[in-house]
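Enquirer: Start counting the sequence shown at 9; every next residue gets the next number (the numbering used here).
Don't read these hints as lab results, they were simulated from the structure.
Check the hints yourself; a few may be wrong.
[As the list claims (entries may be wrong)] Pairs of lysine-lysine residues, derived as DSBU-like cross-links and limited to a Cα-Cα distance of at most 35 Å, are as follows:
{"#": "1", "residue 1": "K423", "residue 2": "K364"}
{"#": "2", "residue 1": "K353", "residue 2": "K440"}
{"#": "3", "residue 1": "K205", "residue 2": "K340"}
{"#": "4", "residue 1": "K137", "residue 2": "K260"}
{"#": "5", "residue 1": "K192", "residue 2": "K137"}
{"#": "6", "residue 1": "K364", "residue 2": "K440"}
{"#": "7", "residue 1": "K353", "residue 2": "K137"}
{"#": "8", "residue 1": "K227", "residue 2": "K260"}
{"#": "9", "residue 1": "K340", "residue 2": "K384"}
{"#": "10", "residue 1": "K201", "residue 2": "K340"}
{"#": "11", "residue 1": "K137", "residue 2": "K340"}
{"#": "12", "residue 1": "K364", "residue 2": "K340"}
{"#": "13", "residue 1": "K340", "residue 2": "K227"}
{"#": "14", "residue 1": "K495", "residue 2": "K384"}
{"#": "15", "residue 1": "K194", "residue 2": "K340"}
{"#": "16", "residue 1": "K387", "residue 2": "K491"}
{"#": "17", "residue 1": "K364", "residue 2": "K384"}
{"#": "18", "residue 1": "K491", "residue 2": "K440"}
{"#": "19", "residue 1": "K353", "residue 2": "K364"}
{"#": "20", "residue 1": "K495", "residue 2": "K353"}
{"#": "21", "residue 1": "K495", "residue 2": "K423"}
{"#": "22", "residue 1": "K384", "residue 2": "K353"}
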Amino acid sequence: MSVSVACCCFSFLNAPARLLQSSSSPLCFVAASTLTPRASSSSKLNPEKKKKKYTLRVRDEHSSNDGPQTMAFKSPFGSSQQKKDKKESQPTTDLRTDPAKIHDASFLDAVVKVYCTHTAPDYSLPWQKQRQFTSTGRQLSSFSDSFYFSLSLAYIACVCSAFMIGDGKLLTNAHCVEHDTQVKVKRRGDDRKYVAKVLVRGVDCDIALLSVESEDFWKGAEPLRLGHLPRLQDSVTVVGYPLGGDTISVTKGVVSRIEVTSYAHGSSDLLGIQIDAAINPGNSGGPAFNDQGECIGVAFQVYRSEETENIGYVIPTTVVSHFLTDYERNAKYTGYPCLGVLLQKLENPALRECLKVPTNEGVLVRRVEPTSDASKVLKEGDVIVSFDDLRVGCEGTVPFRSSERIAFRYLISQKFAGDIVELGIIRAGEPKKVQVVLRPRVHLVPYHIDGGQPSYIIIAGLVFTPLSEPLIEEECEDTIGLKLLTKARYSVARFRGEQIVILSQASHNDVLFPCAFWRMFWQMK
């Protein structure tokens with residue numbers, strides 16, 4: 009089954025877009041871990057009483073000319089002098105001067121193979137789970153500003169990849185360990201598998217943190233050092249354990265594009281690095297290196313169709329740093345915040361004149377979500393012209409690094425839940441300054457179920473359960489009903505905790521047969 013995302017024309021939303029079925033959408037295969045149709049992956053987090061410091065090394069090489077992207081390179085784990093000392097004490101292989109030594113590079117030993125067994129919930133019968141299965145793929149969807157496409161996972165048995173960041177921790181993709189019942193990892197050149205524990209998953213950014221308690225696993229291990237955001241045409245080397253063999257695999261390419269892109273697993277829009285190096289099922293969770301042997305990101309998805317080739321995506325170190333900082337601050341993952349508004353570009357001069365916008369800038373507020381803090385200070389018809397004193401262009405873009413521009417929602421993704429931002433707006437021709445508290449978006453129909461298991465209630469043989477995207481995909485969109493599907497895809501929550509509850513099952517007997525018939529009729533309306 010292939011699904012894609014639709015969005016109103018000339019509009020964009022900083023929160024994830026809704027999904028609509030499209031048979032003409034090209035397919036994209038992402039190495040991940042689920043055999044059944046899409047299911048939730050937000051399990052209970054495991055906060056620790058004591059905050060542990062990770063031996064993560066983040067290289068900060070960008071000057072102030074690089075714009076807002078530099079803020080994500082502030083390491084939450086120690087001072088810059090400590091990072092410098094650690095960097096000098098741990099030499100790496102420079103692939104620019106000696107590319108033939110890739111097989112002897114020490115950073116390859118930090119990449120491990122992940123074996124995961126999954127037990128996904130049954131959304132149609134929410135009191136039970138589906139059978140166990142090993143890591144395979146699953147079909148997902150997402151939305152891109154420039155075109156519609158479908159991101160899906162290959163239905164082939166495979167393992168995934170991860171890499172060491174120190175202090176007994178590994179980093180991988182969230183979809184690699186979704187609905188896990190057992191996770192094991194194996195180092196390069198070792199025939200032993202070690203049990204790993206999933207500490208936290210970041211569903212929207214598709215990152216998960218694992219821990220391995222065995223001391224034998226970490227003997228002689230060297231954690232990877234995270235590098236800065238690369239430039240266009242910088243060389244990139246992807247390392248992992250994809251299909252086609254059991255040993256480690258290395259592919260090489262260049263950076264093709266850096267922009268806000270769609271993350272299939274979390275249905276979110278975050279900064280992504282597009283590369284032309286081969287990424288196949290099993291590469292998910294593996295690192296991508298620059299020529300200095302520094303990790304610049306995590307491989308996680310590719311885009312494939314008859315019209316395209318060699319389009320792979322890497323989660324940059326800015327997103328990784330945000331994930332780890334969030335986890336250390338809160339002892340759990342709180343997620344990316346959103347502004348909670350639907351925005352429209354202001355490229356039309358006549359529209360800007362009507363709204364009394366004197367300059368060629370700003371985006372129009374089309375809708376404000378009632379559950380967002382923006383509903384207290386923003387109104388429909390307002391024009392947002394600045395975000396923390398950074399000017400917003402009429403195309404919905406802001407300056408990025410020295411000579412680039414990037415989507416406005418990138419600035420929001422650099423913030424954390426609870427942060428306060430200052431917006432410059434024009435209301436009825438008058439400029440104003442307002443402050444907004446950023447919060448994670450409240451979904452009327454969630455993309456993932458908190459806790460991993462759907463809730464339900466049984467009354468007189470009738471099973472009621474909240475509507476969710478995994479349930480829609482499992483039941484098939486055609487059986488849900490157009491009216492209900494439209495409400496699920498385009499309506500917003502009016503208050504926190506609001507749900508759409510449906511009758512999902514009815515006992516087959518003479519007494520309840522009319523109820524079952526009513527359910528079928530209601531869906532067909």
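Enquirer: Now tell me if each hint is right for this structure.
Expert: Hint check:
With a C-alpha separation of about 30 Å, the suggested pair K423 and K364 falls inside the 35 Å cut-off, and the hint holds. Our distance criterion of 35 Å between C-alpha atoms is met by K353 and K440, whose separation comes to about 20 Å. Under the criterion of a C-alpha separation no larger than 35 Å, the hint pairing K205 with K340 is consistent with the structure, at around 15 Å. This hinted pair does not check out: K137 and K260 have alpha carbons roughly 41 Å apart, beyond 35 Å.
As the CA atoms of K192 and K137 are separated by approximately 21 Å, the hinted pair is consistent with the 35 Å bound. Restraint check: the Cα-Cα separation between K364 and K440 comes to about 13 Å, which is no more than 35 Å; the hinted pair holds. Using a Cα cut-off of 35 Å, the hinted pair K353 and K137 is violated, with the two alpha carbons roughly 45 Å apart. A hinted pair counts as satisfied when its Cα atoms are at most 35 Å apart, and K227 with K260 qualifies at roughly 29 Å.
Distance hint between K340 and K384 is fulfilled; the C-alpha atoms sit about 28 Å from each other, no more than 35 Å. Restraint check for K201 and K340: satisfied, since their Cα atoms lie roughly 27 Å apart, inside the 35 Å limit. A distance of roughly 26 Å separates the Cα atoms of K137 and K340; the hinted pair therefore holds under the 35 Å criterion. This hinted pair does not check out: K364 and K340 have alpha carbons roughly 45 Å apart, beyond 35 Å.
Of the supplied pair hints, the one linking K340 and K227 holds, its CA atoms being roughly 28 Å apart against a limit of 35 Å. The suggested pairing of K495 with K384 holds, with an alpha-carbon distance near 25 Å, which does not exceed 35 Å. For the proposed pair K194 and K340, the alpha carbon gap of about 26 Å is at most 35 Å, so the pair holds. For a cut-off of 35 Å, the pair hint linking K387 to K491 stands: about 28 Å separates their Cα positions.
Between the alpha carbons of K364 and K384 the distance comes to roughly 23 Å, so the proposed pair stays at or under 35 Å and holds. Between K491 and K440, the direct Cα distance comes to roughly 40 Å. Violation of the 35 Å bound is thereby established for this hinted pair. In summary, the hint linking K353 to K364 is supported, as the alpha carbons are separated by about 15 Å, within the 35 Å threshold. A threshold of 35 Å between alpha carbons decides the hint, and for K495 with K353 the separation of about 25 Å falls inside it, so the pair holds.
For the hint linking K495 to K423, the alpha-carbon distance of about 30 Å falls within 35 Å, and the restraint holds. Among the hinted pairs, K384 with K353 is consistent with the structure: their alpha-carbon atoms are about 22 Å apart, no more than 35 Å.
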